[in-house]
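Undergrad: Assemble the complex: chain A is given as a structure, and chain B must be docked to it using the hints.
Chains as they are written, first to last, in my numbering: chain A, 1 to 411; chain B, 1001 to 1175.
The set of hints was computed from the structure by calculation and includes no laboratory data. Keep in mind that the hints are not guaranteed to be accurate.
Okay, the calculated bits of chain A under chain B, using three or more residues with CB under 8 Å as the criterion [to be verified]: (1) 56 to 67; (2) 227 to 235; (3) 243 to 250; (4) 340 to 352; (5) 359 to 372.
Built from N, CA and C at the ideal position, the CB exists for glycine as well.
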Amino acid sequence: MAIAPDQVTRSSSSGDGVREEDYLWTLNFGPQHPATHTTLRLVLKLDGERVVDAMPEMGYLHSGFEKIGEHLTFNQYVTVTDRMNYISPMANNVAWHHAVETLLGIDLTPRCKVIRTIVAELARVSDHLLSNGAVGLDTGAFTFFLYGFYQREVIYDIFETLCGARFTNSYTRVGGVSHDFTPLVIEKIRTFLRTFPKTLDDMERLLTRNRIFVDRTKGVGVLTREEAINGGATGPVARASGVTRDLRKDEPYLAYADYDFQVCCAAAGDCYSRYLVRMQEMRESIRILNQAIENIPSGEVNVGIEGRLALPSKQQVYSTIEGTISHFELSMSNRGFEVPREESYAAIEAPNGELGFYVVGDGSEVAYRARCRPPSVLHFSLFPQLIRGHTLSDVVAVLGSLNIIAAELDR
Amino acid sequence: MAEAHSKDTVDSRADDAIESLAARFPGLESSTYRGQVRVVIGAGVALEFFTHLKQLGFNQLIDVTCVDYLEYRGATRRYGLVYLLTATGTGRRLTVRLFVDDPEPAVPSISGLWRSANWLEREVWDMFGIRFIGHPDLRRLLMPEEFLAHPLRKDYPLQGRGERHNFPVLTREDG
Chain A
1 MAIAPDQVTR SSSSGDGVRE EDYLWTLNFG PQHPATHTTL RLVLKLDGER VVDAMPEMGY
61 LHSGFEKIGE HLTFNQYVTV TDRMNYISPM ANNVAWHHAV ETLLGIDLTP RCKVIRTIVA
121 ELARVSDHLL SNGAVGLDTG AFTFFLYGFY QREVIYDIFE TLCGARFTNS YTRVGGVSHD
181 FTPLVIEKIR TFLRTFPKTL DDMERLLTRN RIFVDRTKGV GVLTREEAIN GGATGPVARA
241 SGVTRDLRKD EPYLAYADYD FQVCCAAAGD CYSRYLVRMQ EMRESIRILN QAIENIPSGE
301 VNVGIEGRLA LPSKQQVYST IEGTISHFEL SMSNRGFEVP REESYAAIEA PNGELGFYVV
361 GDGSEVAYRA RCRPPSVLHF SLFPQLIRGH TLSDVVAVLG SLNIIAAELD R
Chain B
1001 MAEAHSKDTV DSRADDAIES LAARFPGLES STYRGQVRVV IGAGVALEFF THLKQLGFNQ
1061 LIDVTCVDYL EYRGATRRYG LVYLLTATGT GRRLTVRLFV DDPEPAVPSI SGLWRSANWL
1121 EREVWDMFGI RFIGHPDLRR LLMPEEFLAH PLRKDYPLQG RGERHNFPVL TREDG
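Chain A on its own, in the form it takes in the complex (with noise of 0.2 Å):
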């Protein structure tokens, strides 16, 4: 076969115009691979352990949530949303919510946004600390990955004192939550509030200056600021990068404005940095909770009964005539409440970066279009780009430091 000499390659030592291809070898990651975590697969040209090229490939945990989205009502939904990124549920709770809610205009009790405020905070935590976890534990630091296990395990334990479930939350509801803070729960979070950052500075001993894990990390799958930007990075990976854009602070919501926090930024842009502004996260979101659990506002945590929205308490069901009807029309499938014949969209700052959700009302308590911006799907179609030149045991740092979900990547 002729060879065009334009496909011999350069660095070929035999010189006698060996193709470059041969030397390529195709290597399939995925989609079943224990460092993916998920489901998503890569195919990576590799030249001896070096990474040519990457081609990342999605849809296999593709549910179909959006068209779901189509025939739930705003409040069963909430339920397929904690299935997104479940590695903090209650995060997608309150972006469902929180989207609802703009779009029917409905003004949150002081107490409902505090205490959202806090259980997206702690859901933040807990996510950040499984992927950081999920970076070290591929980079060979166990013990670390176990430290942070553990402390999710007391997040869910909060959780579950909440509302029952540790995993699946559901916590959210139109105009409210479904379980409002017990004394227990306030205690719990106390409790964790004193003792995690103990944890954590035990955590950044053991790895932020460890000499093995800041080689495998500095350096690495690099994402400069205008990538960042026009690849449509979002949350700690842009802020890895420099991008010092932080929904809490551009665009407050909840009860976000009254406390005192700071956006938490790095210039480098490698895995390092985006595990570093991780880590810082979690101390900031630490500040955020001591500030709002002490000052809880008191009062009802779910909007009145005027607001018909959410459904009333028993006592007032049972005792006073507006109760009655507005549970009973709440739960009939032909009443319940108004809906604009308008579109919104609106996002929170996910653990994961800038989650929103575009929601068409067209009257109905049915969402006529329920899209999900997912931060996953653009920092997974980033990968390639990020690894290239790097070697094959790179792939995990990048992914895990990426922290995709596949199941917030298909949806």
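TA: Using the frame of chain A, we list chain B on its own:
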């Protein structure tokens, strides 16, 4: 949206960027809902419009998605594309709407302007069957390649059309 929302002309509430757009593209429809500014453009000027938007500082494309208005009461156009843009410098947001119809719905691809458009447009093609002209790699993103329908269209049933049962079964020998 379609004809449902009230259309107000570009007024003092809209910021400089919108005014500059209105001057450049006469007849631009804009509306505001819950503080979100939306503009409707035609497919013909899409590329020029988005290039201009990028120059105005809207440097991040947050999302590209679509709504199928087939069963929406009072709607006149079938597909309404949604482009969500953010200016990371100022934090401003803008929603751009673009309507297309059957048969063969197609719009120009903006993946040359924003890298994030690449996969987002692939997803819209996959789910709604809207072709993006000039897209470098318009393959399905979520569904398998042999899939024929576009599942988020309103005329596609929730439980599918039995495609799953007819997928070819790969044995170890084939693989």
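Undergrad: Are the hints correct? Go through all of them and say.
TA: Hints, verified against the model:
1. 56 to 67: With 6 residues in contact (Cβ-Cβ under 8 Å with chain B), the coverage given for the segment 56 to 67 of chain A holds.
2. 227 to 235: Answer holds; 6 residues pass the 8 Å Cβ test.
3. 243 to 250: holds (count 3)
4. 340 to 352: n = 6 at 8 Å, threshold three: holds.
5. 359 to 372: holds (count 6)
Of the hints listed earlier, there is not a single one the structure fails to meet.
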